[in-house]
Amino acid sequence: MSRRLPLRKRFRVHTLLLIALCGWLLMLHLTLLLNHGLDAPSNGVGDLYLARNSETASANVVTTVVVSYRGFDTLGEVTVLFLAATGVGLLFAGGLGATPAFRDRHNHPNEVMVTGTRLLFPALLLLGVYIVLHGHLSPGGGFQGGVIVATAFFLRMIADPNFNLDHAQLGWVESFAGSGFVLFGMLGLVFVTTASFLGNFLPHPVAAMGQLVSAGVIPLIYLLVGIKVGAEIGAIFQDMLEADHDAPLPARAAEEL
Amino acid sequence: MTLHFTPVWFIAVPLLLAFLAPLWVRWRLLMPVLFSAQVALFALALSWIPAVRIAPILETIVIAPPLGIHLHLDAIALLLVALFSFAGAIITAFIWLDNGAAHLRERPAFILILLLIAGSNGMVLTGDIFNLYVFIEIVGVSAYALAAIRRDKTALEAGLKYLIVGSVAAIFILFAIVLLYLQTGQLNIAALAQAFSNMPAQMQLLIGLLMLIGLGIKAELFPFNFWVPDIYRGSDPEITALYSGVLVKAFLFVLFHLTFILLADPTVARNWLMALGAITMIVAELVALRQNDLRRMLAYSSLGQVGLITLALAFASEATTAGALFHMINHTFIKVLLFLLAALMLRQYASLKLTDVHGLSRTMPLAAGLFVLGALAVLGLPPLSGFISKLWILKGFSDVQTFWPVALILTAALIEAGYYFRWIRAFYAAPTDAASMAKMEGEKVLNYAPLLVIAGVLIVLGVAPFLLEDWLQQAAQALLGREALLNAVLGVQP
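In order, the protein sequence lines correspond to chains R and C. Each residue of the first sequence is one higher than the one before, counting from 52 in the working numbering. Each residue of the second sequence is one higher than the one before, counting from 865 in the working numbering.
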């Protein structure tokens, strides 16, 4: 619609002013942050978490904070991602659970892409799984590893037009991981020793810190987060690829806007 | 091993049910699960009343506050959680019984509605400011997607607008939280409240402004509410009932909760917030007078009521706060009723313009009758509950010799009467076009069952407001009781 309008009507003055205002606010905010962020108070919550970290026996403090101390926030963030995936599925494809539409088979990917993916796919998969499983030991964890695994599958989707992720199966995997997270949280509530949602009810001796099997429920929850994130991002990629080709009704309506 | 019923159930159970959605799809149980979840949470909320009456309940998650996240179930939180669950149950029952709007009975709608209400519960329960932000995001993302769920042109436009405006608001809130953390090193709201007065005055002002803009956009306060009518016009009326009934109330609570907790002396912000409320009310009512589309009119009317509630809450006296909370409940019921009626009318009429609905009472007598009831309740006519809540607010103001809000509220009610009666007159006028009557079918009483429940509640609360009076007084004390909250969470006298 806007394509036919003359230039001066497309760039309205108040839009430009609004952009300038936003830019000014951003600069102001950055100045504030840089002035105050460098000499941050040293007795904040973060330092107290650091001091108490040994009680969870997780070698990676960030993971302790993300999965245990503020695990409730993480559950919320996983939910936000879940909602975003639901929304994308709703808008791009024919909704979740619909039969996958076939992509354009005449569009052959080039040789470099195919060979490169063949080389990269196993390595990426391995790296993703490693990062998820070692979330409590080394940097990274469920979110990062999950996205890497999903990226591996995304490369395969691009390189091989016949490769589709099945929405229904992804939905089940995602459902398993998400409800597992909540159930772990509720188990923490049920056990008298922790009596708190997301409490670490499995034994987590400090002596085992740094080993693969340590830190109680933390690696298990992070594994579930990894599975869920991977499945959701994979579903988003799949939705976008499907919508790309046979533009169903809503996508066309979106273009009209 | 024991089974604890704790406040976290209000959040964890809906999350679990939403994640298990493929199961409910397979067993064809989506709507029963959604409905019974809301009913169960409402029952759970009611079962908490005796305990919360004695003392607020603090639930620690993993580690104790101020380090960890905790949920704080006091009288006001319980009141709102019960209200949200009840409104959710009514809207769900309506969607379930209604034979139109199939897209609202599918899996995405199930997930989004369930999580919208769960997120609102989380917003009123949490005692941690970053956790609050997470819930704002949950509520926001589900609301954006719900706006677009019909997937036609107007719905997608509404969804896109909402996405952009809502994200900007969320960024303002996040900026404020970042600054708060940088200044104090704390995330617990009670601990922040203790440290807030030690900050430089300019920083306090900046954080306050950022919060006000962010939450003002979300809670639909003037001048940040320019986007509201478009979204209310574009989305399904069932969804706008959720926005007006649940979402806005949760954000209003957050705005005033933070104001009353963070500021040692809430009178600092009193005049500003009261002015904001008064302007929102008057402007919205005046604009509503000129609307020719039922849904836009209802949107502006909703804004006007939000302004009234803001005006009364900002005064920060116990009497007006109790009245405002009662009005919040009434407004939720009334707007759910009116928007669901609009949904029913949309099944029969192609458009809800004033000129197109002449003679609606001939084909939908029950709908027209319920609309009159809802309109009278908004205006505050006895014996409906809107009368009592407006009376409490007016009494609260006049008891302390503050008369300008009284004058404004009465003026707004007059304007309201003007436009609601315009619509009622159209409904009961002679039909202009005989041909449009051809496709009409009789009304199904089953569709109206949830609406009749609301109508009953409006009358019962109007006749017997003492049912809620104690609870509302306690809720008002809890909302205003800064010392009690700091004491409960931190265990120290501030």
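Derived from the structure by calculation, the hints contain no laboratory data. Any given hint might turn out to be false.
[What the hints assert, rightly or not] So, partial list: chain R residues that the calculated Cβ filter (under 10 Å) puts toward chain C: (1) Y100; (2) L134; (3) P173; (4) A174; (5) L240.
[What the hints assert, rightly or not] Cβ-Cβ distance ranges computed for the label pairs, FRET-style: (6) C:L910 - R:L67: 53 to 59 Å; (7) C:H967 - R:H65: 34 to 40 Å; (8) R:M78 - C:I1028: 51 to 57 Å; (9) C:Q1265 - R:L67: 48 to 54 Å; (10) R:V257 - C:E1347: 54 to 60 Å; (11) R:T82 - C:K1259: 30 to 36 Å.
The beta-carbon is built from N, C-alpha and C at its ideal position, and this holds for glycine as well.
Evaluated hints:
1. Using the Cβ-Cβ criterion of 10 Å, the hint placing R:Y100 at the interface with chain C is satisfied: the shortest such distance is roughly 7 Å.
2. For R:L134, the interface hint holds, the least distance from its beta-carbon to any beta-carbon of chain C being 4 Å, beneath 10 Å.
3. With a least beta-carbon distance of about 29 Å to chain C, the hint placing R:P173 at the interface is violated under the 10 Å criterion.
4. With its C-beta approaching chain C no nearer than about 31 Å, R:A174 sits outside the 10 Å limit, and its interface hint is violated.
5. With 10 Å as the threshold, the beta carbon of R:L240 comes within range of chain C, its nearest partner Cβ sitting at about 6 Å, so the hint holds.
6. Range check, C:L910 to R:L67: about 54 Å between beta-carbon atoms, so the 53 to 59 Å window is met.
7. Look at C:H967 against R:H65: about 36 Å separates their beta carbons, and that is inside 34 to 40 Å.
8. Range check, R:M78 to C:I1028: Cβ separation about 21 Å, and the 51 to 57 Å hint is violated.
9. For C:Q1265 and R:L67, the Cβ-Cβ distance of about 50 Å falls inside the hinted range of 48 to 54 Å, so the restraint holds.
10. Range check, R:V257 to C:E1347: about 40 Å between beta-carbon atoms, so the 54 to 60 Å window is missed.
11. Take R:T82 and C:K1259: their Cβ atoms lie about 49 Å apart, and the range 30 to 36 Å is violated.
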